[in-house]
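Below, each chain spelled out in residue letters.
Number of protein chains: 2
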Amino acid sequence: MQEIDIIITGGKALLLDPQNTIIDQSALAINGGEIIAIGKMGELSKQFKAKKTIDARNSLIMPGFINCHTHAAMTCFRGMADDLELMDWLNNYIFPAEAKNVNHELAYWGTLLACAEMIKSGTTTFCDMYIFEDETARAAKEAGMRCLVGEVLFDFPSPNFKSPAEGLAYTRMLLEKWQNDPLVNILVEPHALYTCSPALLEAARKLASDYNVPLGIHLLENKSEKEQLIQKLGKGAVSFLKEINYLSEKLIAFHCVCLDENDRSLFAEYGCKVSHSPASNMKLASGIAPVPDMLKAGITVGLGTDGCASNNTLDMFKEMSLTAKLHKAARLDPTVMDAKTVVRMATIDGARTLGMGKITGSLETGKRADIILIGLNKPHLTPLYNEYSHLVYAGGGADVDTVIINGKIVMENRRLLTMDENDILQKVREIAVRIKKSFSV
Amino acid sequence: MQEIDIIITGGKALLLDPQNTIIDQSALAINGGEIIAIGKMGELSKQFKAKKTIDARNSLIMPGFINCHTHAAMTCFRGMADDLELMDWLNNYIFPAEAKNVNHELAYWGTLLACAEMIKSGTTTFCDMYIFEDETARAAKEAGMRCLVGEVLFDFPSPNFKSPAEGLAYTRMLLEKWQNDPLVNILVEPHALYTCSPALLEAARKLASDYNVPLGIHLLENKSEKEQLIQKLGKGAVSFLKEINYLSEKLIAFHCVCLDENDRSLFAEYGCKVSHSPASNMKLASGIAPVPDMLKAGITVGLGTDGCASNNTLDMFKEMSLTAKLHKAARLDPTVMDAKTVVRMATIDGARTLGMGKITGSLETGKRADIILIGLNKPHLTPLYNEYSHLVYAGGGADVDTVIINGKIVMENRRLLTMDENDILQKVREIAVRIKKSFSV
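Chains A and B supply the protein sequences, listed in that same order.
Per the numbering used here, the very first residue in the first sequence carries number 942; after that it's consecutive.
Per the numbering used here, the very first residue in the second sequence carries number 942; after that it's consecutive.
Note that these hints are calculated values from the structure, not bench results.
Note that beta-carbon positions come from the ideal geometry of N, C-alpha and C, so glycine has one too.
Among the hints, a few may not be true.
Capping the alpha-carbon separation at 27 Å, the derived lysine-lysine pairs in DSS-like fashion look like this [claimed, not checked]:
{"#": "1", "chain 1": "B", "residue 1": "K1377", "chain 2": "A", "residue 2": "K1378"}
{"#": "2", "chain 1": "B", "residue 1": "K1378", "chain 2": "A", "residue 2": "K981"}
{"#": "3", "chain 1": "A", "residue 1": "K1377", "chain 2": "B", "residue 2": "K981"}
{"#": "4", "chain 1": "A", "residue 1": "K1368", "chain 2": "B", "residue 2": "K953"}
{"#": "5", "chain 1": "B", "residue 1": "K1378", "chain 2": "A", "residue 2": "K1281"}
{"#": "6", "chain 1": "A", "residue 1": "K1378", "chain 2": "B", "residue 2": "K953"}
{"#": "7", "chain 1": "A", "residue 1": "K1377", "chain 2": "B", "residue 2": "K953"}
{"#": "8", "chain 1": "A", "residue 1": "K953", "chain 2": "B", "residue 2": "K1378"}
{"#": "9", "chain 1": "B", "residue 1": "K1118", "chain 2": "B", "residue 2": "K1103"}
{"#": "10", "chain 1": "A", "residue 1": "K1167", "chain 2": "A", "residue 2": "K1147"}
{"#": "11", "chain 1": "A", "residue 1": "K1349", "chain 2": "A", "residue 2": "K1368"}
{"#": "12", "chain 1": "A", "residue 1": "K953", "chain 2": "B", "residue 2": "K1377"}
{"#": "13", "chain 1": "A", "residue 1": "K1378", "chain 2": "B", "residue 2": "K981"}
{"#": "14", "chain 1": "B", "residue 1": "K1377", "chain 2": "A", "residue 2": "K981"}
{"#": "15", "chain 1": "B", "residue 1": "K1103", "chain 2": "A", "residue 2": "K1377"}
{"#": "16", "chain 1": "A", "residue 1": "K953", "chain 2": "B", "residue 2": "K1368"}
{"#": "17", "chain 1": "A", "residue 1": "K1281", "chain 2": "B", "residue 2": "K953"}
From the structure, some residues in chain B lie toward chain A, with a derived Cβ separation under 10 Å [as the list claims (entries may be wrong)]:
{"#": "18", "residue": "G1020"}
{"#": "19", "residue": "L1027"}
{"#": "20", "residue": "C1056"}
{"#": "21", "residue": "S1062"}
{"#": "22", "residue": "P1139"}
{"#": "23", "residue": "A1140"}
{"#": "24", "residue": "K1237"}
{"#": "25", "residue": "G1239"}
{"#": "26", "residue": "P1320"}
{"#": "27", "residue": "S1330"}
Modelling step: build the complete structure from the supplied sequences, incorporating the hints.
As structure tokens, this is what we get:
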């Protein structure tokens, strides 16, 4: 009998492997942070002696969710300003609030709060773009979350840098510092085509290429951005990206609400990835991304919550529900975006979007153990005919009981094990008092 | 000092009264099922000596949600068939499943499950249309929920009646039997204009009028229904309703996806009510109801989840989130359907929709005590700038801790006090096994 760290027994396992295998009365063996065996409980429990056994009867076991786009520390601005015109919202609320309040402390505590919320709703990996991302990385590592983070780069000063050159230098520092971390990964993130000069875009591309990491960028979030870019660039945004050598398997484009047929062909040809954020796109009235057409073209699409100023949660269940429903409503076709497709987008396709498809996003032997348990013994999840349907149309973040990341239990029976939840809530409440004051002066 | 049943102290109370009053550090006094005083904790606690004190620090206190349209017992079919063409879904799944399986037992246990789910997500009143509604009423009463229920009436036989005349007689029996119940109310519910003959519609109208109760009907759920009705009736559905004297303050029209400008004028003129079901409309790709225009016309609009075959939950938080987001996306206008408007739709406007605006839907002295407590001490509800925003954009059913209906505590700290939750889950699982079998033969 082999000694191992953890065995999870008795649950119904949704592997999200290429065959979408489902195993009833399953067992999963975890050792050294890795999934080393998956099978029927009866067979596997004889082979292993585990230090820790997790009883998963009446539970679904599945890969943790992959949140492909957020601004974690913006939890501090959650619900500060809603239901406003985009430019009013940005210019009169978000930008001034950020300019006055974002600092190391906010980045750190805001990210810890985000990690608490993400773990409590079943997310095990997130991709982040914000300011002071070294704090984001530090907080995520403390929380025990897998992440891909990058400092937002643009032509104007940020609370963290006075010039694009400083922003690039900071990003290079991140790339060096976190190079061999088991959880923290760094990407290069020019904010958008309308906020970055060609020189900055080129320097960002070169930096990403030097370190062989992804490039992340907001792209075509709404019609007005699309029109503005045609004015500015004299061509479509995606044609321009092609010209400046941005189109590759390592490009992660956030939003892509206005990705037209030619753009989709180019994205498919080059293997570019898309992160879809229906909650944010709906709440900000940005438009409806042509996701069914992207999938038809063969583009890999993951889901991202966007930040808490525009969502206002990091719960991937909500994102799945909206993804399944929004496109049905928009196309008057109830067959598009079926539940299974959407669950794959929130897990394995999200992992592929972030370039992590080999290590996470599904339950397969050899992958890192990023696993969640969802308790089924609840009125709103009864009866059970179809697991994917429950995840997309009935479930919610609060249904997640236990979360394992990289083989470590970070939440057990809804208790966070890596963080002091009350301490985080208290600290962010204090930061919020300061934010409120900055608006009343 | 006056002796009373319950006092709720220390919470932040959202009254949803005409002024949308919010009271910090509040106290609510409840006696004989009625709210007898609302004010600041310091003042009120001196006046009353309560048998039961509920400590509501770190909680929101608000009126329970009003679910204006559901088919409660259809919880038994939750997730049985999704992502299908409407006619495929109805003809090959829902109708055969109902014909083979709906009986007294399913109606009773399915409703108990629905009540468990509704209470656990903060709903205190629901309006129901289904088969064997005497069982629905019995289950709701046991659960301690306020309800307005009616037997579905149509021209063809149902599992409960062989002819429309039998359906009407059954409805009359319900009206007599439940006439003086404190929780159960009966309405008359012809299914829709495309399933009811003029004679049945007239008999239903007369019955509702005789007992002075509302009439509920599915109306203009999608474009194909609208076109079909013009063919059948030789005029628009709402003009036809006017002709047959259906337009009144006591008409509750479910869905109203295709309510055009003339229809809206007529609805406003006659005081007809609308129940909006965005989750179902999106999932079935029925279309997008012109709710912002209805509100502009002065129509009272409540929210309804629809049944669990087409939603698949009864969580009004999800309905609020979709209501706020869907119309922003559809109109490319982030200012429509702001959070406060949506919370009013889910509470006081819902109560008005059901003709219960005088007794529930807001926290006001003299109203029945239908009250929920929402725990705020959670990552996804931190920080707190705006209560309405949290309810609509961040919260979920699982955030509801305690529920009081008609002055009785039916859930405390998420434990149901009126029902044996495990017993209900077990019974519905057994029914689901039978449903599954009925499909494999």
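Original post:
Tell me, which hint numbers fail for this structure?
Top reply: 1, 15, 17, 22, 23, 24 and 25
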